[in-house]
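Based on the hints, put chain B in the right spot on chain A.
Number of protein chains: 2
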Amino acid sequence: MPEDAKLNFTHDEYSQRLQKTRDAMSAKQIDCLVVVDPSNMAWLSGYDGWSFYTHQCVVVRHDAEPVWWGRGIDAAGAIRTCYIDADNIIGYPDHFVQSDERHPMDHLSKILRDLGLDRVAIGVEMENYYFSAAAFRSLQTQLPSAKLVDATALVNWQRLVKSEQELAYMRSAARIVEGMHARIYDIIEPGLVKSDLAAEIFHSGIAGQGEDWGDYPAIMPMLPTGMDATAPHLTWDNSVLAAGDITFFEIAGCHKRYHCPLSRTISLGPPPQKYLDAEKAVLDAMHAGLENARPGKLAEDVAIAFFDTLEKHGFKKDNRTGYSIGLSYPPDWGERTMSLRRGDRTELKQNMTFHFMPALWLDDGGLEITESVVITDSGYERLAEVEQKLLVK
Amino acid sequence: MPEDAKLNFTHDEYSQRLQKTRDAMSAKQIDCLVVVDPSNMAWLSGYDGWSFYTHQCVVVRHDAEPVWWGRGIDAAGAIRTCYIDADNIIGYPDHFVQSDERHPMDHLSKILRDLGLDRVAIGVEMENYYFSAAAFRSLQTQLPSAKLVDATALVNWQRLVKSEQELAYMRSAARIVEGMHARIYDIIEPGLVKSDLAAEIFHSGIAGQGEDWGDYPAIMPMLPTGMDATAPHLTWDNSVLAAGDITFFEIAGCHKRYHCPLSRTISLGPPPQKYLDAEKAVLDAMHAGLENARPGKLAEDVAIAFFDTLEKHGFKKDNRTGYSIGLSYPPDWGERTMSLRRGDRTELKQNMTFHFMPALWLDDGGLEITESVVITDSGYERLAEVEQKLLVK
Numbered sequence: 001m002p003e004d005a006k007l008n009f010t011h012d013e014y015s016q017r018l019q020k021t022r023d024a025m026s027a028k029q030i031d032c033l034v035v036v037d038p039s040n041m042a043w044l045s046g047y048d049g050w051s052f053y054t055h056q057c058v059v060v061r062h063d064a065e066p067v068w069w070g071r072g073i074d075a076a077g078a079i080r081t082c083y084i085d086a087d088n089i090i091g092y093p094d095h096f097v098q099s100d101e102r103h104p105m106d107h108l109s110k111i112l113r114d115l116g117l118d119r120v121a122i123g124v125e126m127e128n129y130y131f132s133a134a135a136f137r138s139l140q141t142q143l144p145s146a147k148l149v150d151a152t153a154l155v156n157w158q159r160l161v162k163s164e165q166e167l168a169y170m171r172s173a174a175r176i177v178e179g180m181h182a183r184i185y186d187i188i189e190p191g192l193v194k195s196d197l198a199a200e201i202f203h204s205g206i207a208g209q210g211e212d213w214g215d216y217p218a219i220m221p222m223l224p225t226g227m228d229a230t231a232p233h234l235t236w237d238n239s240v241l242a243a244g245d246i247t248f249f250e251i252a253g254c255h256k257r258y259h260c261p262l263s264r265t266i267s268l269g270p271p272p273q274k275y276l277d278a279e280k281a282v283l284d285a286m287h288a289g290l291e292n293a294r295p296g297k298l299a300e301d302v303a304i305a306f307f308d309t310l311e312k313h314g315f316k317k318d319n320r321t322g323y324s325i326g327l328s329y330p331p332d333w334g335e336r337t338m339s340l341r342r343g344d345r346t347e348l349k350q351n352m353t354f355h356f357m358p359a360l361w362l363d364d365g366g367l368e369i370t371e372s373v374v375i376t377d378s379g380y381e382r383l384a385e386v387e388q389k390l391l392v393k
Numbered sequence: 394m395p396e397d398a399k400l401n402f403t404h405d406e407y408s409q410r411l412q413k414t415r416d417a418m419s420a421k422q423i424d425c426l427v428v429v430d431p432s433n434m435a436w437l438s439g440y441d442g443w444s445f446y447t448h449q450c451v452v453v454r455h456d457a458e459p460v461w462w463g464r465g466i467d468a469a470g471a472i473r474t475c476y477i478d479a480d481n482i483i484g485y486p487d488h489f490v491q492s493d494e495r496h497p498m499d500h501l502s503k504i505l506r507d508l509g510l511d512r513v514a515i516g517v518e519m520e521n522y523y524f525s526a527a528a529f530r531s532l533q534t535q536l537p538s539a540k541l542v543d544a545t546a547l548v549n550w551q552r553l554v555k556s557e558q559e560l561a562y563m564r565s566a567a568r569i570v571e572g573m574h575a576r577i578y579d580i581i582e583p584g585l586v587k588s589d590l591a592a593e594i595f596h597s598g599i600a601g602q603g604e605d606w607g608d609y610p611a612i613m614p615m616l617p618t619g620m621d622a623t624a625p626h627l628t629w630d631n632s633v634l635a636a637g638d639i640t641f642f643e644i645a646g647c648h649k650r651y652h653c654p655l656s657r658t659i660s661l662g663p664p665p666q667k668y669l670d671a672e673k674a675v676l677d678a679m680h681a682g683l684e685n686a687r688p689g690k691l692a693e694d695v696a697i698a699f700f701d702t703l704e705k706h707g708f709k710k711d712n713r714t715g716y717s718i719g720l721s722y723p724p725d726w727g728e729r730t731m732s733l734r735r736g737d738r739t740e741l742k743q744n745m746t747f748h749f750m751p752a753l754w755l756d757d758g759g760l761e762i763t764e765s766v767v768i769t770d771s772g773y774e775r776l777a778e779v780e781q782k783l784l785v786k
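Line by line, the protein sequences give chains A and B.
For the first sequence, position 314 (counting from the first letter as 1) is numbered 314 according to the working numbering, and the numbering increases by one without interruption.
For the second sequence, position 223 (counting from the first letter as 1) is numbered 616 according to the working numbering, and the numbering increases by one without interruption.
No lab work stands behind these hints, which were simulated from the structure alone.
Please note that a few of the clues may not be correct.
Below, a sample of chain A positions facing chain B; criterion: calculated Cβ distance under 10 Å [as the list claims (entries may be wrong)]:
id, residue
1, Asp48
2, His62
3, Asp100
For each residue, glycine too, the CB sits at the ideal point set by N, CA and C.
Just chain A, with the same shape it has in the complex:
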């Protein structure tokens, strides 16, 4: 290991992660796993850097240290951030970058051949932002004797139960998002320009709280107002807030790439009765859902209790109402494993973490009051403490 690599976890923890991954590989008879998801790469090796816009991966085998492979100029970043020995950090030449003549995965195939891995079962993350159709085509063409096996989310599923150190980072992220919401409430008022508000949100989130410095979130802040809040994923512009405006803030604190998402909604002035009704429905339903947030229950139990209670209040909702969270890179702060929805029968276990996301998008605006929680030995704990209501100012 390079002596000055900056590791966020002990070598023991990285070893345990590797063992869990190898066990999951064995269960699927995978000899070699090509991990391209930046979150999975970081979780396995420590690697951190905004280099995922070019092809890169960590190669996991059963009998040797993982290999970091990526763009040549990024090898220096791997040496700075991974526990992996420099001999196992392999860069490809720059003429492979965004070329229409050659694909970086052609180079990876050569490396795999050199390692004697061209006739084995190779796991690939078929459904991933960072494994394009062309990347797969390259491996198929270059490694005709290998068996390419779908290993989508194989590593993600190993990340479901968090270690104490991971929870500590998520609690730091929780302190950060508490500060962000406090700052929003402090400054929001009619006349404020949305981009200035967004600037303050970023400032608070990145400066963080004391030792809990802020990392960039995997999703940018969303703060739509009024009709724009009928849509869930709009960001901001330079429109001016006015009395009567209702704005939701879907934001996350992030520390060392670990996230604590939390949404709140603020009404400038007394909200219409319709929104008070929606607030009561969401909070009642959320509490009904959270009564099921304990070891032994299933992910869908939380969702079903939520949906049933919401329906009693006259609101029908059919989308996903939460997901597992933790370490992440853009474009998604979810872990892309467990979802809180009907049909997801993942058993809840201590130290799982999820964002319970009971948003309501109405015909003239939106209401988001959400919680990020960790499952304890007998129930759940809210990660961040922000007043759980439709905020009025």
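For chain B alone, kept in the frame of chain A given last:
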């Protein structure tokens, strides 16, 4: 068109873009183009939102208005931001989202069948962050009678020459990045915590300059110091700046998703002679390169003049030294078409824009002094005016 869609360009401009795209489709005998790249989607339809973490696309045909297709809850965002008629905005149910039982592209195939497009030549962006291997597999399986054609970057290449309105947005982004660098120089000093500095960079970039409000950049700020700056893509942590530190800032201003990237390097105190030598080499080589930045020259002419001059100064560099810029979404602010490197024989034309990125990563740090330029009728114009030197404070 929904009367209140917020369009950043005239209908005429969107029509011209559509025509250019259809012409390029015709040249490749493509009947129907499935555009998943969020930048291409926005350029063609106006669509904007942080929803690209789920599958979505714009479908372009020769004889009908484009179709926006995406997650059901995001249809409201499409109505808010696209010129497309509500009848042509199609959402898929939420149980397709991040499911291991069904793929959203299965739903798209059904839509394409309904539109009579299951036996034609369908162009797909094989090499794209938002077209996974699994997405391609789904289309192959569901549309066995269609001919799937690689249309990687087909739309991106249409974006190379900018319109006056696009240039206006990029000039707004240039004002923003000028403000960001001014703010950095203003506050940087020994004792400053890097995350606090990053917070100020974000604040300046998002608040923007007057009417030029800031959008989020497609790459987060990178501000590595000392040994960390031997790597090109590290972001920040809470380390404390000290006298003698040399830090580079690779950042962009962004306005309505149009970018102006610009890097500068700051030394806290007099830099070592080695860095002064590197500065002289980079600036000489950059000027040599920019002498070739005019209509009629080729992309590689800029790069070759740069490399040759750099080599005379004793520095050998083999990576890409620039790329086309404009409209972009994470994870890359480049357009992924023209590159400034040997072998790229793209002819430079008026109103092309690129980030000339002559960085040097040394054995104990990095030096980045870059320029974003627009090709004029006879030469080039720097988009942003920031002192072109190794800054010392």
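Hints, verified against the model:
1. Asp48: holds, 7 Å
2. His62: With a closest approach of 24 Å, the A:His62 hint is violated.
3. Asp100: Hint holds; A:Asp100 Cβ to chain B Cβ min 7 Å, cut 10 Å.
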